[in-house]
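Can you build the whole structure from these sequences, using the hints too?
Start counting the sequence shown at 304; every next residue gets the next number (this note's numbering).
Read the hints as simulated data drawn from the structure, not as lab findings.
All values reported here derive from a predicted model rather than from experimental measurement.
All C-beta atoms, glycine included, are put in the ideal place defined by N, C-alpha and C.
Don't take each hint at face value.
Here are the simulated distance ranges between beta carbons [what the hints assert, rightly or not]:
1) 380 x 359: 32 to 38 angstroms
2) 328 x 381: 33 to 39 angstroms
3) 392 x 435: 30 to 36 angstroms
4) 317 x 398: 17 to 23 angstroms
5) 359 x 428: 19 to 25 angstroms
6) 345 x 308: 18 to 24 angstroms
7) 331 x 308: 35 to 41 angstroms
8) 366 x 421: 35 to 41 angstroms
9) 331 x 406: 22 to 28 angstroms
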Amino acid sequence: MKQNKLTLSVLEGRFGICKLETGSEIPEWVYGSSFLSITQTPEELSVVCQERSIPENIPAGALVEKGWSCLKVEGPLDFGLTGILAGISGVLAEQDISIFAVSTYDTDYILVRETYMENATRALEEVGYDILKSTTPELKTQGLV
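What follows is the structure, given as structure tokens:
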């Protein structure tokens, strides 16, 4: 039986996940992506961005995983909501589809290997999620385009 679930949008394009060495500066090339998430910890600097923004000549020691598609949970989401990522990741885990999640103030983004995206969207639709196809990611902060 289908349940009333959230709406997810499939963002256009391919995405990459990069790990740069501890203490690395944020590289200028990241700012060419209309989707960008930067996380810096004592152990690493992680960047998630559109694949087309990642140069071929990345620094030695950096790791890059290309070939990801992205689902956006349509929001904004209230901070009091619980189980959003658990519900989505649970459905995908049942299909043996791993994810890389990025959360922002307003919503969540779920990256899935491009080769599994069709199976992922089908599985989510089967349990009641609405899927909107081909949405262009837009950057709405500080003119970073």
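To see whether the hints hold, each was checked on the structure:
Range check, residue 380 to residue 359: Cβ separation about 36 angstroms, and the 32 to 38 angstroms hint holds. Residue 328 and residue 381 have their C-beta atoms about 36 angstroms apart, which keeps the hinted 33 to 39 angstroms range intact. Between residue 392 and residue 435, the C-beta spacing of about 20 angstroms breaks the proposed range 30 to 36 angstroms. For the pair residue 317 and residue 398, the supplied restraint of 17 to 23 angstroms holds, since their beta-carbon distance comes to about 21 angstroms.
Taking 19 to 25 angstroms as the suggested C-beta distance range, the pair residue 359 and residue 428 does not conform, at roughly 36 angstroms. Range check, residue 345 to residue 308: Cβ separation about 37 angstroms, and the 18 to 24 angstroms hint is violated. Checked against the hint of 35 to 41 angstroms, the C-beta distance between residue 331 and residue 308 comes to roughly 39 angstroms, which is consistent with it. Under the hint 35 to 41 angstroms, the C-beta atoms of residue 366 and residue 421, about 26 angstroms apart, miss the expected range.
Look at residue 331 against residue 406: about 25 angstroms separates their beta carbons, and that is inside 22 to 28 angstroms.
Of the hints listed earlier, those the structure fails to meet are numbers 3, 5, 6, 8, in rising order.
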